[in-house]
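K.L.:
Sequential numbering from 1 applies to the sequence shown in full-length UniProt numbering.
These aren't lab readings, by the way, just hints derived from the structure by calculation.
None of these values were measured; they are calculated from a predicted model.
Some hints here could point you the wrong way.
[Stated by the list, open to error] As a list, the in silico PhoX-like pairs of lysine-lysine whose alpha-carbon atoms are at most 20 Å apart:
no.: 1; residue 1: K279; residue 2: K236
no.: 2; residue 1: K67; residue 2: K90
no.: 3; residue 1: K295; residue 2: K242
no.: 4; residue 1: K295; residue 2: K241
no.: 5; residue 1: K146; residue 2: K236
no.: 6; residue 1: K295; residue 2: K285
no.: 7; residue 1: K90; residue 2: K71
no.: 8; residue 1: K259; residue 2: K242
no.: 9; residue 1: K279; residue 2: K295
no.: 10; residue 1: K241; residue 2: K285
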Amino acid sequence: MALHGVRVLELEGIGPCPLAACVLADFGADVVTVCRAQGGQARSQGDPVSRGKRSVAVNIKTAEGVKVVQKIASTVDVFLEPFRPGVVEKLGLGPEVLCSENPGLIYGRMTGYGQGGTEFSSMAGHDNNYLALAGTLDFFRRGDEKPFPPANFAGDYAGGAMMLALGVLLALVERSRSGRGQVIDAAMVDGANYTALPLFKWMQSGLVPVGRDGHVVASDFILCQAPHWSDIYLCKEDPDKKGTHQYVSVQAIEPQFYKVLLNGLGLAAEELPAQYDRKAWPQMKSRFASIFLTKTRDEWAEVFAGTDACCVPVLNASEAAAHPHNRRRHSFEPTPGAPGVYEPAPAPKLSRTPGHVPRPCPVPGSDTREVLLASGYSRQEVDFLFQGGVVAEARSERSKL
Numbered sequence: 001m002a003l004h005g006v007r008v009l010e011l012e013g014i015g016p017c018p019l020a021a022c023v024l025a026d027f028g029a030d031v032v033t034v035c036r037a038q039g040g041q042a043r044s045q046g047d048p049v050s051r052g053k054r055s056v057a058v059n060i061k062t063a064e065g066v067k068v069v070q071k072i073a074s075t076v077d078v079f080l081e082p083f084r085p086g087v088v089e090k091l092g093l094g095p096e097v098l099c100s101e102n103p104g105l106i107y108g109r110m111t112g113y114g115q116g117g118t119e120f121s122s123m124a125g126h127d128n129n130y131l132a133l134a135g136t137l138d139f140f141r142r143g144d145e146k147p148f149p150p151a152n153f154a155g156d157y158a159g160g161a162m163m164l165a166l167g168v169l170l171a172l173v174e175r176s177r178s179g180r181g182q183v184i185d186a187a188m189v190d191g192a193n194y195t196a197l198p199l200f201k202w203m204q205s206g207l208v209p210v211g212r213d214g215h216v217v218a219s220d221f222i223l224c225q226a227p228h229w230s231d232i233y234l235c236k237e238d239p240d241k242k243g244t245h246q247y248v249s250v251q252a253i254e255p256q257f258y259k260v261l262l263n264g265l266g267l268a269a270e271e272l273p274a275q276y277d278r279k280a281w282p283q284m285k286s287r288f289a290s291i292f293l294t295k296t297r298d299e300w301a302e303v304f305a306g307t308d309a310c311c312v313p314v315l316n317a318s319e320a321a322a323h324p325h326n327r328r329r330h331s332f333e334p335t336p337g338a339p340g341v342y343e344p345a346p347a348p349k350l351s352r353t354p355g356h357v358p359r360p361c362p363v364p365g366s367d368t369r370e371v372l373l374a375s376g377y378s379r380q381e382v383d384f385l386f387q388g389g390v391v392a393e394a395r396s397e398r399s400k401l
């Protein structure tokens, strides 16, 4: 795979940092996650995207545990940490320490507000907070309503995880020329506004209207208005799926696609108001809504299959995994160790070195002994670390009873 031979050490966290490490693992990197060791037992926060990774349990609240992480870090290419600024420095795991021992180390830092700036850098926050400060939450509105919080794709994952993964890849490419590592300061605020760069440029050009207060004038921005040709419509109840609401997604922006949509709905364009006649939008939306209620979602999917109407069914997660298009493209793949369960496959698809999930999520601490030995510890030293509670391994089935 593309990242075969790249070794990554990740301090366990939640949100974007684990996903960034997962992306690297999906494409062949050997990712080891450090989870907590307490009382001689491995404990984890429950990383849902630990597929393909290995797990070691270390008590980093002890000086001996910090030394263990330092030693492992001296053998890897990439180190990832998800904490607020200053936390790892207090532990003795900051970039000054680790990079001095390993000059080629790429040190990735994932935070909400960044390592520097104002008091925001030390503040707690979550996805909506980061989008708000980035200036991107202002785009998530319909008409003149207040912004609505999206799922945490935009901040945590697009602005955070993917930017951190991109930073690692960029640093790896640069290191191949210079032989030197560097520190990656990945902030979700920075990533959220960077991924929205086209929208900011549209604002500058006037394509996205801005009021005197500097906010997006959603009432004048077509896609925020949800015209009849760009909305979600409820469909007729499916007898086989009683009690569930089924929808289709419509976004026939261009006139040529709008005509195809009208044809599928049984409407003649010449008998209707012009597509961009805003005064007619409420009336047309009501008309569209009534028409979509005459067929089930899957029936509409058949009507528009293979056309340019820009009308597709709104699927839930399990339906998406089973959809013929996604199955043909292998967009989902079986979850290792869980027969009948599917999850998103690595993307994008590379022609020679595609991503693959080689192993299921590890049991916390399941690889502690193996990783320590590979990092240069002797068997006697490893036994001593276990006996002292500095490290731990996966609990046996007997200990769980």
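K.L.:
Against this structure, judge whether each hint is valid.
P.N.:
Outcome of the hint check:
1. Proposed proximity of K279 and K236 is contradicted: the alpha carbons are some 27 Å apart, above 20 Å.
2. For a cut-off of 20 Å, the pair hint linking K67 to K90 stands: about 13 Å separates their Cα positions.
3. Taking the CA atoms of K295 and K242, the gap is about 14 Å. The hint holds against a cut of 20 Å.
4. Simply put, K295 and K241 have alpha-carbon atoms about 13 Å apart, close enough for the 20 Å limit, and the pair holds.
5. A hinted pair counts as satisfied when its Cα atoms are at most 20 Å apart, and K146 with K236 does not qualify at roughly 30 Å.
6. Between K295 and K285 the CA atoms are separated by roughly 17 Å; this keeps the pair inside 20 Å, and the hint holds.
7. For the given pair, K90 sits about 17 Å from K71 by alpha-carbon distance, which is consistent with the 20 Å threshold.
8. For the suggested pair K259 and K242, the alpha carbons sit about 32 Å apart, so the restraint of at most 20 Å is broken.
9. For the hint pairing K279 with K295, the CA-to-CA distance comes to about 27 Å; that exceeds 20 Å, so the pair is violated.
10. At roughly 26 Å between alpha-carbon atoms, K241 and K285 are farther apart than 20 Å, so this suggested pair is violated.
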